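J.: Produce the complete structure using the sequences and hints provided.
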Amino acid sequence: MQPTLNIIGSGHLAQTLGRLWQGHRSLELRDVLSRNAGNAKAACAFIGGGRPVDDYADLFAADITLIATPDDQIAGCCEQLAASGVIRPGTVVFHCSGALPSTVLAAAAERGALTASIHPIRSFASPEQVAQSFAGTWCGAEGDPAALAVLRPLFTGIGAQLVDIDPAAKTVYHAAAVFACNYLVTLLDVALQAYRHAGIPEAVAMQMMAPLVNKTVEQTFNAGTTAALSGPIARGDMATVATQQAAVTAWDADKGALYAMLAKETVALARRRTTER
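In our numbering, the protein residues as written are 574 to 850.
One or more hints might be untrue.
Claimed, not checked - Ranges of calculated distance between the beta carbons of each label pair, as one might list FRET restraints:
| no. | residue 1 | residue 2 | range |
| --- | --- | --- | --- |
| 1 | D762 | G584 | 24 to 30 Å |
| 2 | E838 | K788 | 39 to 45 Å |
| 3 | G685 | L760 | 44 to 50 Å |
| 4 | P784 | G809 | 24 to 30 Å |
Please keep in mind that the hints were generated in silico from the structure rather than gathered at the bench. Model, not experiment: these values are computed from the prediction. Here a beta-carbon is modelled for each residue, glycine too, at the ideal position from N, C-alpha and C.
T.: Below, the structure is given as structure tokens:
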């Protein structure tokens with residue numbers, strides 16, 4: 574007999590996971606709850622199943638409940654879920670936040686639920702596209718072992734790769750993804766600003782950067798960060814680094830401070846490479 578699932582939230586992640594599980598017939602989707610009845614209906618239409626509801630009092634009990642709301646609403650939604658009376662001992666309640674630990678689901682745990690968090694490490698900006706390419710997605714998992722024993726097969730069944738994470742370090746874990754993704758984009762934007770300051774049009778700068786960035790990323794994932802490091806610091810040319818830092822600071826003090834901070838981290842990386850060799 575298939576486990577039953579309720580989803581609280583009707584956003585992109587809720588739609589994508591719901592559609593994947595519906596398509597794989599991994600479970601029986603019961604209710605999709607959203608404060609906006611129209612959003613709940615739209616989510617069910619995209620998923621291809623489920624009953625749209627807009628009130629916790631209308632929820633049927635389910636074996637598993639996914640709270641797929643924005644992070645700042647997860648704890649409050651869990652409290653409302655607990656107050657609704659649909660949680661039974663052994664019910665699994667989980668969320669997919671990368672920043673919050675499973676302990677934010679304490680209200681459900683107090684009612685006998687098994688709580689966990691499984692965080693897919695990718696963007697869900699386009700549910701249609703993600704549903705087609707989800708296989709291979711890494712997911713950070715933590716929480717009650719009994720809850721994870723139920724959830725792991727559901728995620729691996731749609732192609733996810735799970736890695737256990739320490740809930741006490743979850744904020745730093747999530748920051749790692751921000752460094753690797755969001756701040757990488759910001760750093761590339763700073764490079765574009767520097768090129769523009771040097772008189773190079775953005776369109777040309779993008780073409781100049783593309784092979785450099787792509788090759789660097791390729792080398793990093795093929796050989797590791799220490800082996801992929803190149804440039805003046807890797808060569809020990811600190812005079813060039815000092816000249817660049819002064820020039821960048823003269824152009825923009827904040828960018829100069831960022832250059833100095835990155836230079837300090839790069840010196841440490843270069844030292845690690847020397848030690849490894």
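J.: Checked against the structure, which of the hints given earlier come out wrong?
T.: 2
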